[in-house]
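Trainee: Each chain, letter by letter, is given below.
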Amino acid sequence: MSIKSIKDQTYYEILEVSPTATAKEIQRAYEHAKETFHSESMAVYSLFSDEEVKEIQEAVEEAFRVLNDEALRKSYDQSHFQMVGYPPPEKPPETHGMPHGKKTSLSFTGLSFNVEEGVYHGKTLMQVRERMGIELQNISKETKISIKVLEWIEEEAFDKLPALVYLKGFLRNYAQSLGLDPQKVIEEYLHSMEEAKRK
Amino acid sequence: MKKGFRVGSNQFRNRKMIWTIGGGKGGSGKSFITANMGICLSKLGIRVALIDADLGGANLHTFLGISPPAFTLSDFIKKRVSHLREVLIPTPIPNVQLLTGAQDLLNAADAKSVQKRKLIRSIQNLDSDTILVDLGAGNSLSVLDFFLMSDGGILVVTPEPTSIENTYRFLKSAFYRRLKQSVSSSEVKTLIDGLMDRKNERGIQNPHELIKAVKRIDEADAQRIVEEAETFHPNLILNQARSKKDIEIGFSIRSACLKYFGIHLHYLGYIVYDQDVSHSIRRRKPLVLENSRSRAAQCVMEIASKLANSYEKGV
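Line order of the protein sequences matches chains A and B.
Position 119, counted from 1, in the first sequence is what the working numbering calls 119; the numbers after and before it change by one each time, with no gaps.
Position 69, counted from 1, in the second sequence is what the working numbering calls 1069; the numbers after and before it change by one each time, with no gaps.
If you are wondering where the hints come from, they were derived from the structure by calculation, not from laboratory data.
Ideal Cβ positions, reconstructed from N, Cα and C, are used throughout, including at glycine.
Worth double-checking, as some hints may not be accurate.
The following residues of chain B were derived to be distant from chain A, with all beta-carbon distances above 12 Å [stated by the list, open to error]:
(1) Asn1059
(2) Ile1066
(3) Ala1070
(4) Val1114
(5) Gln1115
(6) Lys1116
(7) Lys1118
(8) Asp1129
(9) Asn1139
(10) Gln1181
(11) Ser1185
(12) Thr1190
(13) Asp1193
(14) Asp1218
(15) Arg1284
Simulated crosslink set (DSSO-like; lysine-lysine; CA at most 30 Å straight-line) [said to hold, decoys possible]:
(16) B:Lys1172 with B:Lys1025
(17) B:Lys1078 with B:Lys1116
(18) B:Lys1212 with A:Lys144
(19) B:Lys1306 with A:Lys199
(20) A:Lys168 with B:Lys1180
(21) B:Lys1025 with B:Lys1189
(22) A:Lys54 with B:Lys1212
(23) A:Lys144 with A:Lys74
(24) A:Lys34 with B:Lys1199
(25) A:Lys7 with B:Lys1189
(26) A:Lys4 with B:Lys1180
(27) B:Lys1172 with A:Lys168
(28) A:Lys4 with A:Lys141
(29) B:Lys1245 with A:Lys24
(30) B:Lys1306 with A:Lys184
(31) B:Lys1215 with A:Lys54
(32) A:Lys184 with B:Lys1180
(33) A:Lys184 with B:Lys1172
(34) A:Lys144 with A:Lys160
(35) A:Lys7 with B:Lys1212
(36) A:Lys141 with B:Lys1212
Counterexamples of contact, computed for chain B against chain A with all Cβ distances above 12 Å [stated by the list, open to error]:
(37) Lys1078
(38) Gly1138
(39) Ser1278
(40) Lys1285
Please construct the entire structure, taking both the sequences and the accompanying hints into account.
Mentor: Here it is, written out as structure tokens:
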């Protein structure tokens, strides 16, 4: 997520979950958001004004109200993703757990958090895209990157890829279109490219 | 953007890693963490240089159990030695070297930019695998520039309102300084300068309001600000955690930063409150050597292994 006002964030961004999050993940994210943005919270009082906290609280409640209701969520996904030119994401079965991210348990409490949110290379980008039900064609339309280049990125056809300066720009746009952290995608993709070249 | 002033710029792989430890109040445990994390990294075979740039009083040597060094950074700044490596002293701990006494530079309110850059370049050129810089408290421009020079700026916070408040103040200062360095319009630079004051003339309260205002002045600068925010990934260590609720504050700080700044703060981990820490400091023996099985030492080791992992991955 780049710098956006709370009004401009999607319900998924407000709750900090992926569009493919399970109901359990949404519930957990809601509880975390409630805990973080309550009026007495140590983590927010010196950063946000009372009005801003109130606005976030309302946005969190609204996001949860919609995403926690299967029918409302479906309707939101359809209208929202159609608006940005994507088919709505397909939800994974509840048993899948977190859609991405290796979980590391913190020994003190058993609490866990993302230490590494997976390593992005061509195949993982393709998997994320497919899981979200997005056609390469739509990415191409959105990012203005040719389908051929997108295919080379996913296939890791490193010898066919354009010069580094262009590749970085393509990876940035591709990552943004999937809602991924562009910097992380660029770093990890280029790293795997260097590794492959070394071999 | 000038080389060497970015947190998280990973364009030079296989080079040394520089971690600056700053933010928060005095007493939040930055020096303790710097010394003990450095030792943990050295035990993994990584050559470590520890740099004491604490404004409040350089005492990293005490955490390492050694006397105040005869040679300090002053000798380099006052040109009594020609290379920074000459004031880098060995310690009894294999693979760990220490450089102390940055007060001369960082205390000077008018520290010249050229002088700062020269020192930063010299630090970056030290022959070491990992450099840990203990910045201490405060958010003067020199401290901010040192924080921003690193691969990963690390903020240390304790689960107390005052510590969190100071950490946000530091983070805001560093964030806006980074943005200011990235834009070209002088009008936008002036606008950014005023942001630390919530009662600023334009009534800008947060980064997304800043973007809106900058778009009206210079579209390209607005885009630069968005890109800077995307690539700014500071780290967080929560120290003196006494409960699960305390640990969760780290996650809340991460969420608050995402909502406010639009930045991805990486929660590196937490260190539990442990009496063994103060015992080890009193005895002037590093905790991870003296009592490596203590709970706090285990936490430090866990965080250090994450840093080592970054080193191996070159990120």
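Trainee: Tell me, in ascending order, the numbers of any earlier hints that this structure violates.
Mentor: none
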